[in-house]
Amino acid sequence: MNVLSRSDQEARYLMFDAFAINDTRSYYQAQIQHVYRVYSQVNRWRAVFSFLSGVVAAILGLLVQSTPSIVCSSSSANVPCALTLPGALLLSGVIVLPALSLGFSLLFLVFDWDEQYLNMQSALENLEIADAVSPFAEMDDLEYRAAMQAFTQGALDVMHDETVVFGNSVFSPEKVDKGY
Amino acid sequence: MTQKSPDGVRSFLPAWMRDMPRLRFPDQPDAFFQLVDRHQLQLLAKDKNLDPEAVARIERDLDLLEYELLRLFRDRDMQAKAAHNRHRVNTLVFILLGVMSILLGTLVAVALATASSFVPVLSFLVTLLALIMTFTATISGRETSITNWYGNRRRAEMLRREYFRFLMRLPPYHEGDDYQLKLTLSRRAAEVNRGLAVEEDSLS
Chain A
273 MNVLSRSDQE
283 ARYLMFDAFA
293 INDTRSYYQA
303 QIQHVYRVYS
313 QVNRWRAVFS
323 FLSGVVAAIL
333 GLLVQSTPSI
343 VCSSSSANVP
353 CALTLPGALL
363 LSGVIVLPAL
373 SLGFSLLFLV
383 FDWDEQYLNM
393 QSALENLEIA
403 DAVSPFAEMD
413 DLEYRAAMQA
423 FTQGALDVMH
433 DETVVFGNSV
443 FSPEKVDKGY
Chain B
3 MTQKSPDGVR
13 SFLPAWMRDM
23 PRLRFPDQPD
33 AFFQLVDRHQ
43 LQLLAKDKNL
53 DPEAVARIER
63 DLDLLEYELL
73 RLFRDRDMQA
83 KAAHNRHRVN
93 TLVFILLGVM
103 SILLGTLVAV
113 ALATASSFVP
123 VLSFLVTLLA
133 LIMTFTATIS
143 GRETSITNWY
153 GNRRRAEMLR
163 REYFRFLMRL
173 PPYHEGDDYQ
183 LKLTLSRRAA
193 EVNRGLAVEE
203 DSLS
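In order, the protein sequence lines correspond to chains A and B. The opening residue of the first sequence carries number 273 in our numbering; numbering runs sequentially from there. The opening residue of the second sequence carries number 3 in our numbering; numbering runs sequentially from there.
Looking at chain A on its own, in the form it has when it is part of the complex:
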């Protein structure tokens, strides 16, 4: 048998608390803050470029309607023929700004910031639940051992649940594993 003594259990509990629980908690907290900041920044840029696209298009429309000299007389589509510098800049804006807005929108699909945020927040809350069954010094040896096991397993379960998104789809079928 390899039963841990009480001093071993206490040392290992403090080590686990410091290097697994606190590290994990700090990581989740830092990630939640980071993801929230990133989400806000990208969302702001997306909104700004969408807004500017509309404003620029409206100004260009106004310019074209109020300055007939820059509109081709032969064209029925009201396309500017002899663009002034402001007209050219506005026209470029109408093309570039929606593309930039689209680019920032697509970033959400790549990075899944909103999903990451919810995932981390849920893991952090579950970690606190696991922490609630942590052992304390007044417990006798048997209780201390049981509490330490429940606490450790609970914390490992939270880590497991947080990363399960990486796992299930790439588990190979059992019979295939057995075949090799």
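There are no misleading hints in this set.
Covered, in the sense of this in silico footprint (three residues per stretch, anywhere, with C-beta under 8 Å from a C-beta of chain A), are these stretches of chain B:
{"hint": "1", "segment": "12-19"}
{"hint": "2", "segment": "37-45"}
{"hint": "3", "segment": "56-67"}
{"hint": "4", "segment": "96-105"}
{"hint": "5", "segment": "108-115"}
{"hint": "6", "segment": "161-172"}
Hint data in this document are derived by calculation from the structure and do not stem from the laboratory. Even for Gly, the Cβ is constructed at its ideal location relative to N, Cα and C.
Position chain B against the provided structure of chain A, taking the given hints into account.
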């Protein structure tokens, strides 16, 4: 939590830019990375007045884990990060190419009505863009970076949990002599590294 890549100038960039992938990614893991830092463990022992013999036994376990498990964790963690980085590079390249094709398509439409002399040049650029997209799709399709990322990350996280499971003597490490424990650790670490699922729910 995981091996860190060097930050450099990234620390001065806005948060969303720091999430962008790297074009040059280190191909070797950090050989000194530890899940339990020994220096900090000594500080903790001193601070909490832990039994020196208990701390010495933890250190012996750390020595065993270093060879049996931690080297596998470092490799898997690094491979997962590299595959994740590659997946993001590929996806961002496609986004960039897609946005550029929209821009060029719009410019062609405008040029048709305003400056038709530019249409051949713009059309050439659109063709070039289509060729680049085909080329990128061909080379990125061979790497299956998302499968590598998921597979390696899952194994790395299972190895991390196994590391603490052993240190905390959770089942199946709760009984047996040192030799049996070492054998069990070695077998389970190898199985996780191979991609097999090991039993993790010890209290049910």
